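Asker: Now for the letters of each chain:
Number of protein chains: 2
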Amino acid sequence: MNKYLLNGKLTAKPGHQEALAAILLQASELVATAKGCRLYVIGQNPDDPHSVYITEIWDSKADHDQSLKVEGVRELISQAMPLLDGPPAKGQELELLGGAGI
Amino acid sequence: MNKYLLNGKLTAKPGHQEALAAILLQASELVATAKGCRLYVIGQNPDDPHSVYITEIWDSKADHDQSLKVEGVRELISQAMPLLDGPPAKGQELELLGGAGI
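Protein chains in written order, with the UniProt record's numbering: chain A, 1 to 102; chain B, 1 to 102.
Hints are computed from structural coordinates only; laboratory data are not their basis. This structure is a prediction, so every number in the text was calculated from the model and none was measured. Warning: the hint list may mix true and false statements.
For identical chains, the list gives no copy identity; a pair is met inside one copy or between any two copies.
Derived DSSO-like pairs: lysine-lysine, alpha-carbon spacing no greater than 30 angstroms straight-line [stated by the list, open to error]: (1) Lys-35 <-> Lys-9; (2) Lys-90 <-> Lys-69; (3) Lys-13 <-> Lys-90; (4) Lys-61 <-> Lys-90.
My request is simple: use the sequences and hints to build the entire structure.
Answerer: Right, here's the structure in full:
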């Protein structure tokens, strides 16, 4: 299978978590149409209420990297940056061996 | 949406990572048919070669919990336990807000 999974987390300045989540949900609609996108979901964690979590699965890391250039995605990144409480942490990258649902 | 995402990790005793991954891939075939299972994928991380990673999405946490009782799954858990290098760590639970691909 050898697909690419990325677990990311973005932490918002206090009071901006909902706005950040809304931007990422918009981004998910755009990247859903990008080549090689299998999953792009946005989550939250009651234990960490300022953060928004992103779990992505792509056919390859190259497809993921290319998605950052999709029209509209750069604009959404620009909107999200001022809401962040510091630079984004590097995500956790996994190589998928197989499974169900994608 | 309010689906349930679980990121889990199991660490094998040295030399048993492949066997552990094979058991989890078998488990994925069983749980794929369980009620509410949307995603169940098995991954690895080159930086952590003794571990196997599991990312699951379910319609609800209750559906996830119920899946541990699926016929065959308990047997696979029993096969996996002796391969583990210590008890499984608690996974990261997220509440999904939305996104694409499920």
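Asker: Would you mind marking each hint as holding or not holding in the structure?
Answerer: For each hint, the structure was consulted:
no.	hint	verdict
1	Lys-35 <-> Lys-9	both (23 angstroms within a copy, 29 angstroms between copies)
2	Lys-90 <-> Lys-69	within (18 angstroms within a copy, 36 angstroms between copies)
3	Lys-13 <-> Lys-90	both (18 angstroms within a copy, 28 angstroms between copies)
4	Lys-61 <-> Lys-90	both (14 angstroms within a copy, 28 angstroms between copies)
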